[in-house]
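Guided by the hints, dock chain U onto chain B, whose structure is given.
Here is how the chains run, residue by residue.
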Amino acid sequence: MKRRNFIQLASMGVGGLALSHIPVFGNPISPEVALEPIDVALKKRLADAALNAAKSQGATYADVRIGRYLQQYIFTREKQVQNIVNAESYGVGIRVIANGTWGFAATNNVTEAGLAQAASQAIAIAKANARYQQEPVQLAPVKGIGEVSWRTPIVQNAFEVPVAEKADLLLAANAKALENGASFINTALFQINEQKYFASTEGSYIDQDIHRIWPTFSVSAVDRSTGKFRSREALSAPMGMGYEYLSKPGPKIAGPAGTGLQGYNKYYDILEDAVLAAKQAKAKITAKSVQPGKYDLVLDPNHLGLTIHESVGHPLELDRVLGYEANYAGTSFATLDKWKTKNFKYGSKQVNIFADKTQPGSLGYVAYDDEGVKTKRWDLIKDGVLVNYQAIRDQAHIIGEPESHGCCYADHWSSVQFQRMANISLAPGKTKLSVDDMIKNVDKGIYISGRGSFSIDQQRYNFQFGGTVFYEISKGKIVGMLEDVAYQSNTQEFWNSCAAICDESDYRMFGSFFDGKGQPAQISAVSHGSATTRFNGVNVINTARKI
Amino acid sequence: MAILTKDEAQAILKKVLSYSKSDECEASLSGSVGGNIRYARNSVSTSGMNEDTSLSVESRFGKRAGVATVNVFDEESLKKVVQRAEEIARLAPENPEYIPFLGPQTYLPANAHFATTANIKPEFRAEVAGKSIELANAKGLTAAGFLEDSSGFSATMNNKGLFNYGQNSGLTFSVTVRTADGTGSGYATRDFSDASKFETAEPSQVAIAKALGSAQAKAIEPGKYTVIMEPAALVANTDASLLGALFNSLSARPADEGRSFLSKKGGGNKLGEKLFDERITVYSDPNNAEIPSLTWDEDGRPREKITWIEKGVVKNLFTTRYWAQKQNIQSIPTPGGFIMLGGTQSVDDMIKSTDRGILVTRLWYIRPVDPQTLLYTGLTRDGTFYIENGKIKHPVKNFRFNESPIIMLNNLEALGKPVRVGGNLVPPMKIRDFTFTSLSDAV
Chain B
1 MKRRNFIQLA SMGVGGLALS HIPVFGNPIS PEVALEPIDV ALKKRLADAA
51 LNAAKSQGAT YADVRIGRYL QQYIFTREKQ VQNIVNAESY GVGIRVIANG
101 TWGFAATNNV TEAGLAQAAS QAIAIAKANA RYQQEPVQLA PVKGIGEVSW
151 RTPIVQNAFE VPVAEKADLL LAANAKALEN GASFINTALF QINEQKYFAS
201 TEGSYIDQDI HRIWPTFSVS AVDRSTGKFR SREALSAPMG MGYEYLSKPG
251 PKIAGPAGTG LQGYNKYYDI LEDAVLAAKQ AKAKITAKSV QPGKYDLVLD
301 PNHLGLTIHE SVGHPLELDR VLGYEANYAG TSFATLDKWK TKNFKYGSKQ
351 VNIFADKTQP GSLGYVAYDD EGVKTKRWDL IKDGVLVNYQ AIRDQAHIIG
401 EPESHGCCYA DHWSSVQFQR MANISLAPGK TKLSVDDMIK NVDKGIYISG
451 RGSFSIDQQR YNFQFGGTVF YEISKGKIVG MLEDVAYQSN TQEFWNSCAA
501 ICDESDYRMF GSFFDGKGQP AQISAVSHGS ATTRFNGVNV INTARKI
Chain U
1 MAILTKDEAQ AILKKVLSYS KSDECEASLS GSVGGNIRYA RNSVSTSGMN
51 EDTSLSVESR FGKRAGVATV NVFDEESLKK VVQRAEEIAR LAPENPEYIP
101 FLGPQTYLPA NAHFATTANI KPEFRAEVAG KSIELANAKG LTAAGFLEDS
151 SGFSATMNNK GLFNYGQNSG LTFSVTVRTA DGTGSGYATR DFSDASKFET
201 AEPSQVAIAK ALGSAQAKAI EPGKYTVIME PAALVANTDA SLLGALFNSL
251 SARPADEGRS FLSKKGGGNK LGEKLFDERI TVYSDPNNAE IPSLTWDEDG
301 RPREKITWIE KGVVKNLFTT RYWAQKQNIQ SIPTPGGFIM LGGTQSVDDM
351 IKSTDRGILV TRLWYIRPVD PQTLLYTGLT RDGTFYIENG KIKHPVKNFR
401 FNESPIIMLN NLEALGKPVR VGGNLVPPMK IRDFTFTSLS DAV
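Residue numbers (my numbering), protein chains in the order written: chain B, 1 to 547; chain U, 1 to 443.
In isolation and in its complexed conformation, chain B is listed as follows (with noise of 0.2 Å):
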């Protein structure tokens, strides 16, 4: 059996959540086992065998990640629970500097031989790879800082909470959506809570205890007399919490006028939520075919948020721009010659990105990284000019930077840590501005919240974005529902359209649970925070086509 079991949620009947594999990384448990915590002392005496036995073979650098992975993921369709999912996943991963070379082995034999037997292995990988090496592992510094522990600052922990509460929680939504019109709803609620310790051969022990959580559905509102079919997924965001996201009630931020939406922030209404779902999924199927052409698009930070993932998360992740994804994800137009300019104008002046692996609530959220280095905020894009990348302890020195910037992780114990995305936000306007506000300066305009369709091309260039729903903005008012709406643009393009933001007020989270990268490939979730934020004539295309 491989690793990862990915449970093929289409056969499961849940193909109506836009989500084609789920990845389970460990074996079915009962819900009560994931509360046992395991002994942090054992975990020290453990690494420090490994650490030991990977430098007396010749390790110039070992760092070991003891991990306990637990997932709870529950899924239900209309008035059933289809399935709980369980799982617990322990074992360790042993990375060693040898000969220059990195080698990496793990193990689920968490005992002092089993992990000494693996610091072996990763050496030999390190020592046979090393006649392939070009230039030796150089590591961007870091001080050791003995014994620390971190938790995610959660309320509830999720996995404390009866499954049964939580499946009821499920299926009262999914009552709300069939009594307002739904013909079908796939709901599922994901729970993470990562363990992960930590320890290298510099002096860290850093044990960390990493939450997150992520209630979505889909509802489909079928017309059997046309034949015409349509879905509305959930507004909600995945988010770096515990269970208060769904159970403590906080404050919303009210959508335009005319729309009914709210936007959620560190609470998630989600009954309310799938009553106006389901009246929208009804909509939907007869609202009005969008007309090609340029339109102002006013995004909402559910949706924008995908946006700045793929068009400026991903590209300015140095490994990409340097070719080490070349085989699978891509490369970058985002090249060191352009950063180098300092003047390489990413978007337009209001335009302010950062990096940011400490803001509370984030998926990204950690104290530490997967190599042990302190996380922090950082500026990739200021006053729209590019100025920064993410880059991690052996790629810091490429770029001039005297530390890593705190963004390696591993999607798990047997996965070895490389390189992946902070959170990447979109700093909010700083002139007060509310989205009704802004729809009031749009002559002919498209207002869109929530994911849909996207797809990138593998150096960042050209984009196409669909949404969950779309809204025709004339004269400054909302007029009405529309459909079959994709905006293509170019990132560069994009960016420098972008108009006006709205103030922090308006400012929360979207977040993207299971994106993928690597080969093998590994998962990580991350977030994206955003303001609405206006984009002066984008290319709209209508995607209606007959069969």
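No lab work stands behind these hints, which were simulated from the structure alone. A virtual CB, placed ideally from N, CA and C, is assigned to each residue, including glycine. Some clues are possibly wrong.
Unchecked claim - Here are the simulated lysine-lysine pairs, DSBU-like style, with alpha carbons at most 35 Å apart:
{"hint": "1", "chain 1": "U", "residue 1": "Lys417", "chain 2": "U", "residue 2": "Lys131"}
{"hint": "2", "chain 1": "B", "residue 1": "Lys546", "chain 2": "U", "residue 2": "Lys311"}
{"hint": "3", "chain 1": "B", "residue 1": "Lys279", "chain 2": "U", "residue 2": "Lys270"}
To be verified - Covered stretches of chain U (in silico footprint by chain B; criterion: 3 or more residues with CB under 8 Å from a CB of chain B, positions within the stretch not fixed):
{"hint": "4", "region": "110 to 118"}
{"hint": "5", "region": "170 to 178"}
{"hint": "6", "region": "189 to 200"}
{"hint": "7", "region": "264 to 271"}
{"hint": "8", "region": "436 to 443"}
Unchecked claim - Examples of chain B residues toward chain U, derived with CB under 10 Å:
{"hint": "9", "residue": "Asn327"}
{"hint": "10", "residue": "Lys430"}
{"hint": "11", "residue": "Arg460"}
Quick look at chain U alone, frame taken from chain B:
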């Protein structure tokens, strides 16, 4: 330990069932051994090995089911895993879509395992990467690639009398070669069940030729073009694809529920309707020599040769056992891979017969736009060429497309000789009026 023989697997499974106190119990064993190597910038970047064996037990009391898994096989652990599955089953809600486990089944013999693949050693992986790097280096080019191989077994037994055991193996390789100035890029991918069919240097040579040939591409206007799609542009090893989208849509339940392009206005589905060009025939055969698979699916239903589309007519849709019973239709399992009938022409032959068109090596970042029409968007990548008067005239800049495989398979001009990609057998295709909607600067 990772790969158990039939006798070893049977002995463990029998023991597991003997511990069961539930109404129904099914136990599945599976294991695999594999390795991979990844390289980029003409250097090996990562490589690794993994092996694992796992036992999964599903216990049922009435319509309540529980699953537990373990990867150690002493008697105490086996007893515990059964107990755990039974405890979970007692607490689980009733499943309204419950279907009893299958009884004894008759399966075709499976031929999906090859010792040549199972015996791959780390040195072989290093040699494959080394050869590719050497060939690229010799031409001043940069290679990035990935080789992954694995072989494994699976066995299932239940207290209704079902038993199956089989082994399979596979190797997948892909390589992207880029020119030093970054204006050319070429790609090739190969996958086999039998590693002895893999010619180490061949895909790198193809990718090198494409990289050199695609440098300094010219822009031409987007619009509707006749295209020749190489098989790697139609199906993919790792990503969504146009034909993959079509194959995965051949499912009965969404069609019956009114949310598939196969749903019929007013209710019902389009089974029996002619939806494609009459040269389109798609079938599956678990014993096909090029893409052998296990001869049963995940729930133990026998896989046999079955036709999905015949001369453009939809003939069969796969379904879960529950849906088949509810709708009173034939219970058809999902296949291991799809085979599309083709012709005898090579890609070169197809180019020769083209007055004006585009040759596409690979499509990328393919995502659904409208499930109603199965419209997808994506881009060309790693070798796109303009054809004029039967010859490749020059490389062209990449395009974004918005197209539906249903429309494509109605605009068919010609089919070539099928080859294996991503565990399927598909022919290169010539298609008229393929819709490119914009240009991309990406190389």
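Can the hint on Lys430(B) be confirmed by a CB-to-CB distance to chain U that is less than 10 Å?
33 Å, violated
Holds or violated: are the alpha carbons of Lys279(B) and Lys270(U) at most 35 Å from each other?
Judged against 35 Å, a Cα distance of about 28 Å means the pair holds.
Interface restraint verdict for Arg460(B) against chain U (beta-carbon cut-off 10 Å):
The hint holds - Arg460(B) has a Cβ within 10 Å of chain U, the shortest such distance being about 8 Å.
Just to make sure I understand the rule, a stretch counts as covered if three or more of its residues have a C-beta closer than 8 Å to a C-beta of the chain. Does the region 436 to 443 of chain U meet that for chain B?
Our answer is that it holds, as 7 residues pass the Cβ test (under 8 Å) against chain B, meeting three.
Please verify the coverage claim for the region 264 to 271 of chain U: does it have three or more residues whose C-beta sits within 8 Å of some C-beta in chain B?
holds (count 4)
Within the assertion that chain B covers the region 170 to 178 of chain U, do at least three residues meet a Cβ-to-Cβ distance smaller than 8 Å?
That given contact holds, which follows from 4 residues of the region 170 to 178 of chain U lying within Cβ reach (below 8 Å) of chain B.
Between the region 110 to 118 of chain U and chain B, see if three or more residues pass the 8 Å beta-carbon test, and mark the coverage as holds or violated.
With 0 residues closer than 8 Å to chain B, the region 110 to 118 of chain U misses the three-residue bar; violated.
Take the region 189 to 200 of chain U, compare each residue's beta carbon with every beta carbon of chain B, and decide whether three or more fall closer than 8 Å.
violated (count 0)
Asn327(B) as an interface hint toward chain U, with CB separation required under 10 Å
For Asn327(B), the interface hint holds, since the closest Cβ of chain U sits about 4 Å away, which is under 10 Å.
Has the given pair, Lys546(B) with Lys311(U), been kept, meaning a C-alpha gap of at most 35 Å?
21 Å, holds
Check the hint pairing Lys417(U) with Lys131(U) against an upper bound of 35 Å on the C-alpha distance.
28 Å, holds
Hints 4, 6 and 10 from the list above are not met by this structure, while the remaining hints are.
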